[in-house]
Structures are given as C-alpha cells and as structure tokens.
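The listed protein sequences correspond, in order, to chains A and B.
Using my numbering, the first residue of the first sequence is number 1, and each one after it goes up by one.
Using my numbering, the first residue of the second sequence is number 1, and each one after it goes up by one.
For the record, the hints were derived by calculation from the structure and aren't laboratory data.
Quick reminder that beta carbons are idealized off the backbone N, C-alpha and C, glycines included.
Treat the hints with care, as some may be off.
FRET-style restraints, in silico, Cβ to Cβ [said to hold, decoys possible]:
(1) A:Asn41 with B:Met45: 43 to 49 Å
(2) B:Leu39 with A:Glu67: 31 to 37 Å
(3) B:Pro46 with A:Ser230: 16 to 22 Å
(4) B:Val114 with A:Leu231: 33 to 39 Å
(5) B:Val78 with A:Arg232: 42 to 48 Å
(6) A:Ile21 with B:Ala16: 32 to 38 Å
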Amino acid sequence: MSSSTSFSDFLRGARDSIPFILVVGPFGAVFGVVAAGSGLNLFQIMVYTGSIFAGAAQLTSLGLLQEQAPTIIALLSGLAVNLRMGMYSASLTPYMGDAPLWKRAIAAYLMVDQSYALSLARFERDRDMPMPNRYAYFFGTAAVIAPLWCAATLVGALVGVQIPDSWNLDFIVPIAFLSLVAPMLRTPAHRIAALTAGLVSLPAAFLPYNLGLIVAGALGMIVGARVELSLRRKGSWTDA
Amino acid sequence: MPEETVVVVERAFTDAQFWIICAGLAVGSFALRFGFLALMGGRTMPEAVLRHLRYTAVAILPALVTPLVIWPAATDGVFSLPHLAAGAMTVIAGYVTRSALGGILGGIVTLYLVQYL
Numbered sequence: 001m002s003s004s005t006s007f008s009d010f011l012r013g014a015r016d017s018i019p020f021i022l023v024v025g026p027f028g029a030v031f032g033v034v035a036a037g038s039g040l041n042l043f044q045i046m047v048y049t050g051s052i053f054a055g056a057a058q059l060t061s062l063g064l065l066q067e068q069a070p071t072i073i074a075l076l077s078g079l080a081v082n083l084r085m086g087m088y089s090a091s092l093t094p095y096m097g098d099a100p101l102w103k104r105a106i107a108a109y110l111m112v113d114q115s116y117a118l119s120l121a122r123f124e125r126d127r128d129m130p131m132p133n134r135y136a137y138f139f140g141t142a143a144v145i146a147p148l149w150c151a152a153t154l155v156g157a158l159v160g161v162q163i164p165d166s167w168n169l170d171f172i173v174p175i176a177f178l179s180l181v182a183p184m185l186r187t188p189a190h191r192i193a194a195l196t197a198g199l200v201s202l203p204a205a206f207l208p209y210n211l212g213l214i215v216a217g218a219l220g221m222i223v224g225a226r227v228e229l230s231l232r233r234k235g236s237w238t239d240a
Numbered sequence: 001m002p003e004e005t006v007v008v009v010e011r012a013f014t015d016a017q018f019w020i021i022c023a024g025l026a027v028g029s030f031a032l033r034f035g036f037l038a039l040m041g042g043r044t045m046p047e048a049v050l051r052h053l054r055y056t057a058v059a060i061l062p063a064l065v066t067p068l069v070i071w072p073a074a075t076d077g078v079f080s081l082p083h084l085a086a087g088a089m090t091v092i093a094g095y096v097t098r099s100a101l102g103g104i105l106g107g108i109v110t111l112y113l114v115q116y117l
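With the hints as constraints, model all of the structure from the sequences given.
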C-alpha cells in the first residue's frame with residue numbers, strides 16, 4: 001500500500017464529486033429553507049442535518065410533522081426513505097467490507113447517494129483497486145459532499161425565506177438523483193431494472209408510510225438480476 | 001424580481017416531537033448504513049445475492065424520483081411538462097455523455113428553457 005496512490009484516489013474521488021456541487025448545494029439550501037419555514041431554530045436545523053445526514057429522509061419527516069402526522073409515522077416514514085441506505089451498505093460490502101471496524105463506521109456515517117453511487121461505479125470499473133485506495137476514493141467523494149451539504153443547509157436556513165418559488169429550486173432533487181443513475185445504465189439489465197423501478201414507483205406511491213420506494217426498488221433489483229441471468233444463459237452478457 | 005417570499009408558518013409540532021424524530025432518524029439511519037458493512041465485513045456473499053445487489057443503485061434511485069418528476073412538489077403534485085422534460089433530459093444527457101455533469105446541465109438548462117419559452 002503506497003500512501004501516494006491512496007492520496008491520488010482521494011483526489012480523484014473529490015474531483016469526481018465536483019459536478020454534484022451544482023445539485024447538492026441547492027438541495028441543502030432547499031432543506032434549510034423548508035426547515036426554517038417550518039419554525040425550527042438554527043441550532044435545531046444544524047443538529048438535524050448533521051446527525052441524520054440524509055436530505056430526502058429529513059425532508060420527508062419534517063414535512064409530515066408539519067402536516068401534523070403522528071410522531072411515530074413521521075419517524076417511520078423517514079426511516080423507510082432511508083431503507084435504501086441499508087441496500088447501499090450491502091451493495092458496498094463486497095468492496096469495502098474487509099477493513100477495520102472504525103473505518104467502516106466512518107464510511108457508513110458518510111454514506112449518501114452521491115458517495116455511494118460514485119464509489120460503486122469506480123469500484124466496478126477498476127476491480128483490482130486495493131482496499132485502502134477504495135476507502136481513499138470514498139472519503140474523497142465525502143470530503144466534497146459532506147461539508148457542502150452542511151454549509152448549504154446553513155445558507156438556506158439563514159437566507160431561505162427570500163428564495164422565490166418560481167426558481168423551482170426543489171426540482172434540483174430529482175435532477176441530482178437522475179444524473180447519478182443515467183451514466184450507470186450501461187447494460188440492458190441495468191436499463192430494464194431502472195425502467196421497472198421507475199414505472200412501479202408510480203402506483204406504489206400510494207402505499208402507506210413511503211413503503212412504495214422499497215417495493216419498487218426491490219422489484220427493479222429482482223428484474224435486473226433476472227435479465228442478467230437470462231442474458232448469461234444465452235451467452236450474450238457483456239459486463240464485468 | 002417579484003417578491004414571492006415564502007411565508008413563515010406557525011410551528012405545527014412541539015420541541016419534544018422534533019427531538020424524538022431527530023434522535024430516532026439519526027440512530028436509525030446510521031444503523032441502516034452500518035448494519036451490513038459491520039456484520040458481513042469481509043465475508044463473501046452468495047452469487048445470487050450479489051447479482052441482486054448489482055442493481056441496487058439503478059433501481060432505488062429511479063424509484064425515489066420518478067414520482068417527484070411525474071407529480072412535482074412545486075405544482076402540488078399536478079403533472080407539469082417542464083418538469084417531465086427536465087427529468088427526461090437529465091437521463092438522456094447523462095446517458096449520452098456518460099457523465100453526471102452532462103445530466104445535471106441538461107436537466108437544469110431544460111427546466112429553465114421550457115419554463116420561460
């Protein structure tokens with residue numbers, strides 16, 4: 001293990017995250033605006049964002065609280081939105097599992113959609129990457145995303161009430177997530193998995209407690225795995 | 001610039017409710033993120049499990065955002081062409097350029113173009 005190589009992977013992770021400044025910044029600001037608008041004080045907003053560190057779940061529970069939903073429903077809905085983190089954790093385990101526990105714990109805390117998706121794409125492309133270099137890359141992505149998320153929340157909370165609705169800032173959220181997925185659609189199995197999950201998520205959105213996300217996501221994963229298997233059997237599978 | 005300021009609404013919940021949610025979500029989210037990495041560690045998983053896990057990102061993320069594109073929050077859930085066009089262009093541009101930056105720029109430019117044309 002040479003530390004200079006690790007450092008260059010750290011830098012590469014940071015560099016690959018730069019485009020997400022465009023979306024994570026506004027997303028954090030949107031959360032800050034919503035949180036300030038719902039009557040939380042600055043201390044509460046920053047503890048909330050820094051300890052949970054998951055924008056979609058933060059928005060979901062806060063929105064439900066504001067709509068006077070029972071506390072337990074607001075909590076469970078937020079956790080349901082974050083169930084995907086459990087799947088991310090499982091998906092990264094083959095690549096990041098063989099490391100000291102404290103290192104895995106720090107990586108787990110910093111796991112967000114961007115750090116997960118960028119790292120997975122990198123690890124899949126470069127399968128021989130040594131473990132320390134994988135962690136260096138992962139922490140490189142987090143070094144850009146994590147401080148930015150907190151700073152953007154702070155800015156949103158401080159100036160938020162002055163952002164006009166017509167800017168459509170909240171649509172930055174779907175754009176951020178779709179831009180993560182699009183470059184990953186490299187095989188028919190990936191494309192069909194994404195299409196299935198997207199289509200199923202529409203009727204599934206009517207399921208209670210935000211469970212639609214997990215149902216649609218799980219179906220997409222099953223269909224993707226099926227397509228891969230049948231392509232392998234036909235001998236026409238061409239992915240690593 | 002029109003003054004469409006967001007009105008600060010009354011708090012609809014108590015401090016106690018907020019702190020319960022905050023603690024519960026913080027602990028629960030960390031448990032979800034850490035669970036597999038902590039317990040499975042360096043052990044190898046069966047190929048059938050790995051095959052499903054390969055599609056985690058490409059399934060979960062579209063499941064998360066497709067409803068937001070079809071029923072945007074900004075229109076209170078009413079279908080809107082600019083939002084659909086921006087969502088579609090994010091995917092197309094990101095796919096063609098094979099880069100997230102391409103997708104982000106394609107989506108943002110489309111959203112504002114369709115909105116103001």
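Run the structure past the numbered hints and jot down the numbers of the failing ones, going up.
-> none
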